[in-house]
Amino acid sequence: MLMRIIGFLLISNFLFIFSNAQSVLIEAESFDDPGGWVVDPQFVEQMGSPYLMAHGMGTPVADAHTKFQLGESGEYHVWVRSKNWAPGNWEAPGRFQIAIDGRTLPETLGVTPGWSWEYAGKIKLASGDTELALIDLTGFNGRCDAIFLSTDQNAPPRESPELATWRMKKSDEASSPEEVLDFDLVVVGGGIAGCASAIAAAEQGLSVALIHDRPVLGGNASSEIRVHTLGIYGHFERILRMLDTEHYPNGSPEAYKDEIKRHKNVEKYENIHLYTNWRAYDANTEGNRISSVDARHTSEGKRIRFIAPRFVDSTGDGWIGFWAGADFMYGRESVDTYGEAYEEWGELWSPEESDDFVMGSSVLWRTVKNDAPVEFPEVPWAKEVAQNHEATEGTWKWELSRLDLHQIDDAEEIRDHMLKAIYGSFANAKDKPEGENLAFEWISYLVGKRESRRLEGDYIFTFNDVTDQRKFPDSVVMETREVDVHYQQNLKDESKPDFLSEAIFYKTPKYYIPYRSLYSKNIENLFMAGRNFSCSHIGLGGPRVMRTTGQMGAAVGIAAVICEKYGIDPREVYTDHLEEYMELIESQKHYNTIAPKK
Amino acid sequence: MRLIVAVGIIILCTGVNGKVAPEDPLYFDLPIKIEDTFEKTIIGELMEDGLIEPISVELVTGSKRPLFYQSNIRTTVCDDEVCEIMYVKMYWDLVGEYVGYDTVAQHPLTKFDHEPFTGKDYDRLHELLNNDGSILKFKEKSELIDKQKVKASDVVDGTTGATALEIKEEVVEGALYSSYTLWHLAYNGAIKNMLSSHTKKLLDKALMVSLLNSDRSGYNLFAYHNFKVNDYSIYKSHWLNSLKESIPLTRKYILKNIPDEMWNTASVQDDVCAMFNFFDVNTKTSLFNKLSTSKNISSKSIEYISSYITSMNGNQTRQFLDIIEHNNKLTAVTKKNVREAAENTEFNYGYLIDERDWDN
Chain X
1 MLMRIIGFLL
11 ISNFLFIFSN
21 AQSVLIEAES
31 FDDPGGWVVD
41 PQFVEQMGSP
51 YLMAHGMGTP
61 VADAHTKFQL
71 GESGEYHVWV
81 RSKNWAPGNW
91 EAPGRFQIAI
101 DGRTLPETLG
111 VTPGWSWEYA
121 GKIKLASGDT
131 ELALIDLTGF
141 NGRCDAIFLS
151 TDQNAPPRES
161 PELATWRMKK
171 SDEASSPEEV
181 LDFDLVVVGG
191 GIAGCASAIA
201 AAEQGLSVAL
211 IHDRPVLGGN
221 ASSEIRVHTL
231 GIYGHFERIL
241 RMLDTEHYPN
251 GSPEAYKDEI
261 KRHKNVEKYE
271 NIHLYTNWRA
281 YDANTEGNRI
291 SSVDARHTSE
301 GKRIRFIAPR
311 FVDSTGDGWI
321 GFWAGADFMY
331 GRESVDTYGE
341 AYEEWGELWS
351 PEESDDFVMG
361 SSVLWRTVKN
371 DAPVEFPEVP
381 WAKEVAQNHE
391 ATEGTWKWEL
401 SRLDLHQIDD
411 AEEIRDHMLK
421 AIYGSFANAK
431 DKPEGENLAF
441 EWISYLVGKR
451 ESRRLEGDYI
461 FTFNDVTDQR
471 KFPDSVVMET
481 REVDVHYQQN
491 LKDESKPDFL
501 SEAIFYKTPK
511 YYIPYRSLYS
521 KNIENLFMAG
531 RNFSCSHIGL
541 GGPRVMRTTG
551 QMGAAVGIAA
561 VICEKYGIDP
571 REVYTDHLEE
581 YMELIESQKH
591 YNTIAPKK
Chain C
1001 MRLIVAVGII
1011 ILCTGVNGKV
1021 APEDPLYFDL
1031 PIKIEDTFEK
1041 TIIGELMEDG
1051 LIEPISVELV
1061 TGSKRPLFYQ
1071 SNIRTTVCDD
1081 EVCEIMYVKM
1091 YWDLVGEYVG
1101 YDTVAQHPLT
1111 KFDHEPFTGK
1121 DYDRLHELLN
1131 NDGSILKFKE
1141 KSELIDKQKV
1151 KASDVVDGTT
1161 GATALEIKEE
1171 VVEGALYSSY
1181 TLWHLAYNGA
1191 IKNMLSSHTK
1201 KLLDKALMVS
1211 LLNSDRSGYN
1221 LFAYHNFKVN
1231 DYSIYKSHWL
1241 NSLKESIPLT
1251 RKYILKNIPD
1261 EMWNTASVQD
1271 DVCAMFNFFD
1281 VNTKTSLFNK
1291 LSTSKNISSK
1301 SIEYISSYIT
1311 SMNGNQTRQF
1321 LDIIEHNNKL
1331 TAVTKKNVRE
1341 AAENTEFNYG
1351 YLIDERDWDN
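Top to bottom, those sequences are chains X and C.
Using the working numbering, read the first sequence as starting at 1 and increasing by one per residue.
Using the working numbering, read the second sequence as starting at 1001 and increasing by one per residue.
Among the hints, erroneous ones may be present.
[As the list claims (entries may be wrong)] With a cut-off of at most 16 Å between alpha-carbon atoms, the simulated EDC-like pairs for lysine to aspartate or glutamate come out as follows:
no.: 1; chain 1: C; residue 1: K1290; chain 2: X; residue 2: D355
no.: 2; chain 1: X; residue 1: K492; chain 2: C; residue 2: D1280
no.: 3; chain 1: C; residue 1: K1192; chain 2: C; residue 2: E1058
no.: 4; chain 1: C; residue 1: K1111; chain 2: C; residue 2: E1173
no.: 5; chain 1: C; residue 1: K1256; chain 2: X; residue 2: E353
no.: 6; chain 1: C; residue 1: K1139; chain 2: X; residue 2: E502
no.: 7; chain 1: X; residue 1: K507; chain 2: X; residue 2: E343
no.: 8; chain 1: C; residue 1: K1192; chain 2: X; residue 2: E344
no.: 9; chain 1: C; residue 1: K1256; chain 2: X; residue 2: D355
no.: 10; chain 1: X; residue 1: K397; chain 2: C; residue 2: D1132
no.: 11; chain 1: C; residue 1: K1200; chain 2: X; residue 2: E344
no.: 12; chain 1: C; residue 1: K1137; chain 2: X; residue 2: E344
no.: 13; chain 1: X; residue 1: K507; chain 2: C; residue 2: E1143
no.: 14; chain 1: C; residue 1: K1236; chain 2: C; residue 2: E1261
no.: 15; chain 1: X; residue 1: K432; chain 2: X; residue 2: E375
no.: 16; chain 1: C; residue 1: K1200; chain 2: X; residue 2: E343
no.: 17; chain 1: X; residue 1: K492; chain 2: C; residue 2: D1215
no.: 18; chain 1: C; residue 1: K1256; chain 2: C; residue 2: D1231
no.: 19; chain 1: C; residue 1: K1192; chain 2: X; residue 2: E343
no.: 20; chain 1: X; residue 1: K507; chain 2: X; residue 2: D468
no.: 21; chain 1: C; residue 1: K1290; chain 2: X; residue 2: E353
no.: 22; chain 1: C; residue 1: K1228; chain 2: X; residue 2: E352
no.: 23; chain 1: C; residue 1: K1256; chain 2: X; residue 2: D356
no.: 24; chain 1: C; residue 1: K1335; chain 2: C; residue 2: E1325
no.: 25; chain 1: C; residue 1: K1256; chain 2: X; residue 2: E333
no.: 26; chain 1: X; residue 1: K507; chain 2: C; residue 2: E1140
no.: 27; chain 1: X; residue 1: K496; chain 2: C; residue 2: D1280
no.: 28; chain 1: X; residue 1: K507; chain 2: C; residue 2: D1049
no.: 29; chain 1: C; residue 1: K1290; chain 2: X; residue 2: D356
no.: 30; chain 1: X; residue 1: K432; chain 2: X; residue 2: E390
no.: 31; chain 1: X; residue 1: K496; chain 2: C; residue 2: D1132
no.: 32; chain 1: C; residue 1: K1139; chain 2: C; residue 2: E1166
Hints listed in this document are in silico derivations from the structure and should not be mistaken for laboratory results.
Pulled out of the complex, with its shape left as it was, chain X reads as follows (with noise of 0.2 Å):
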């Protein structure tokens, strides 16, 4: 139901407030000082805006808080979108309160199942400065999506579309972006295959952005998820040493080292604009073109339109394909639709018939020994995932992929699942006298994703292409590590937790990526890179990893240069200019420019 507008104006100039007629809308994301809470945008197309989250590990974390100004004196009804993250028979983790000027509102937040607007309380207000607090409870990851005061008793809409509608009538907001900005290519995703991408592009002279929803470039093999990256460097060790990481233990913060070292190498380059904390939000089309990408702040809220003649999808998820209506592909394929069998390996390989156990993500953790004991409270609601499991560190092993769960459209689900593994499973290794000094010392809060969408391009790349070591005119990505796909281990044994995976290696010496597996193959100007290039389910086990994917990157990088040069789209470097396409690419040991610098 929309509220009646009666001329209450928005004041902040610094918020991402919207306001109406005696109510107000204040997105958590847009807070003035976060506190301890963090922001999360990982679920925006699913639940429908990044929120704010108590990630405190089990200790209640300090209090976010924010300002504004209301326009009319009155008696609001405080509304806060949240979600009860692990109902049960049990009081609910993430719980908070909310206070205005000092004062708690009384009811507990964070205690109904799925994101919909829980009933805070109702509070007299002066009109003129306000002041907003967010106090979590628990530390278990409360989440606040946005804070709604009226003077009507009615509640918000609780679902899409009806919410979207709503939000974007309350914040007045323009159907197309404020801003507008016009670059030679454009990149949406800062794990190694964009950064990558932008790299390539722009030492040829490319006038590049890159697009990335969180602070730090990297992906999975940021400091956030701390995945080290693993393969061969093939034609791109030059650049790809810029970006990748050391063989530290997954989940160490070693990560943070490498980090600076990539955030160093790619802002040097003038030509790259680095968009971090944007998430992209739709591709514009024209035919089978993207014309432009839209793109949102993640706390702020500000839009800007990025035109370019070229995209790169390495969003991972395949987002940019998906909106602008790419072909995909998603889930196994049945054995029999590339050839893919692994005869000893049977169904847990590739099943007779397709299905969508693909691989799962995963969600990195470790703990410290402290020298006196660790108080950690009681987690029922964790109990019935972790069972009776012990863990005092998450590894690759530690992932989920169930057939009731998209790895997509339920991320935020998979999330909340592991979230529960771990500290179910780190309470039963605390209930153990060795276990009483132990500390969490980092959980991620990201899901780092191992299969998504994957874009369907001129060439699919399957195991085949492994098994006979196919190599291609137009053989741009190199690589020697094994095909290794995953399957859950309580598949063959139900008594195993379902949050643990084992993997399945089939080894080789050496395989090839053509080209033509890194773009779309009807929409005419989008490359891809990364998980979401073109591949069977079985074909993605190899490459999937950082060193990989960040070939593809700057395969793709220096194809957009040769497209630049002549004006064309990405199929025509492989049908007219392949030989020039892979001199450049061999040269790329050396920084050595060929296209003509702009």
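Assemble the complex: chain X is given as a structure, and chain C must be docked to it using the hints.
Just chain C now, with coordinates in the frame of chain X:
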């Protein structure tokens, strides 16, 4: 002390083809009844790098029934400089899964310093060989010794760079290369394929029934993989039992492969759906996927499942509501169950029912 793991004592032969005197293997995990004599037949040989002679694999039969496979193996175990010869006897079940090993007379297993294995070492080796997810799976021989400084907490993505320390935790102490060699024999893909292919050739009704009745999940799955269309009718009680008792992988396979003409029978749907509450989360989704694409769904089946709505997770609830929305033969009991679920404050996803404007 050596632990004899065999559930039943098995009598094996050690001589050439034909009937021979029995003896007890060190480790043998198949519950096979004691027989006076077994017969063995060579079914094939395998030669790979590192072997000093082909591995000859034998089928062991009792009362003309195939029981398991075995092989007397003579292989080299080498580190960077020295090679030793190792003698061992290895056992696999009828689908090629490792089930045990034994020493060969006069040739006890030894460590690299020539010290003989202790009882604990033999136990440890069997434990290692029973672990199909061992870290050894991911390693080349050259990676067993990490010349770099070892990090105590090193954890890797199952692909490269495991430290010697990690490996040490899994292998028999002082017998790294023996452990490595034997694990890769126990899980040798070519051997597994050879054995399962041979069993497939032997598959008759008696063997099929035996595999279906077995507690070994690998046997069940192998049987269903080799079902012919009519077998779903012939062995209905077996596959229904497997849906209830077997591993999720087998359940999923069965649900995918029940012939349409059978599945479209109300009684079959009812039999399957009556087991809904026994199913793991993935099997429940497999069943919903099947129901979603079924032209006709028994109203009784829907009713069975509806009594468990409150045990469903969010996506299952959505999927089930989708199914019943497309079904116009809902029973009064189904409607009541859905209504009560919506009103049940203990049910976390009642709001999903409310959102549907459920109107009875």
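Evaluation of the provided hints:
no., hint, in the structure
1, K1290/C - D355/X, "holds (12 Å)"
2, K492/X - D1280/C, "holds (12 Å)"
3, K1192/C - E1058/C, "holds (13 Å)"
4, K1111/C - E1173/C, "holds (8 Å)"
5, K1256/C - E353/X, "holds (8 Å)"
6, K1139/C - E502/X, "holds (15 Å)"
7, K507/X - E343/X, "holds (14 Å)"
8, K1192/C - E344/X, "holds (6 Å)"
9, K1256/C - D355/X, "holds (10 Å)"
10, K397/X - D1132/C, "holds (14 Å)"
11, K1200/C - E344/X, "holds (14 Å)"
12, K1137/C - E344/X, "holds (14 Å)"
13, K507/X - E1143/C, "holds (14 Å)"
14, K1236/C - E1261/C, "holds (14 Å)"
15, K432/X - E375/X, "holds (13 Å)"
16, K1200/C - E343/X, "holds (14 Å)"
17, K492/X - D1215/C, "holds (13 Å)"
18, K1256/C - D1231/C, "holds (15 Å)"
19, K1192/C - E343/X, "holds (9 Å)"
20, K507/X - D468/X, "holds (12 Å)"
21, K1290/C - E353/X, "holds (12 Å)"
22, K1228/C - E352/X, "holds (15 Å)"
23, K1256/C - D356/X, "holds (13 Å)"
24, K1335/C - E1325/C, "holds (11 Å)"
25, K1256/C - E333/X, "holds (14 Å)"
26, K507/X - E1140/C, "holds (10 Å)"
27, K496/X - D1280/C, "holds (12 Å)"
28, K507/X - D1049/C, "holds (15 Å)"
29, K1290/C - D356/X, "holds (14 Å)"
30, K432/X - E390/X, "holds (9 Å)"
31, K496/X - D1132/C, "holds (14 Å)"
32, K1139/C - E1166/C, "holds (11 Å)"
Consistency with the previously given hints is maintained throughout, with no hint failing.
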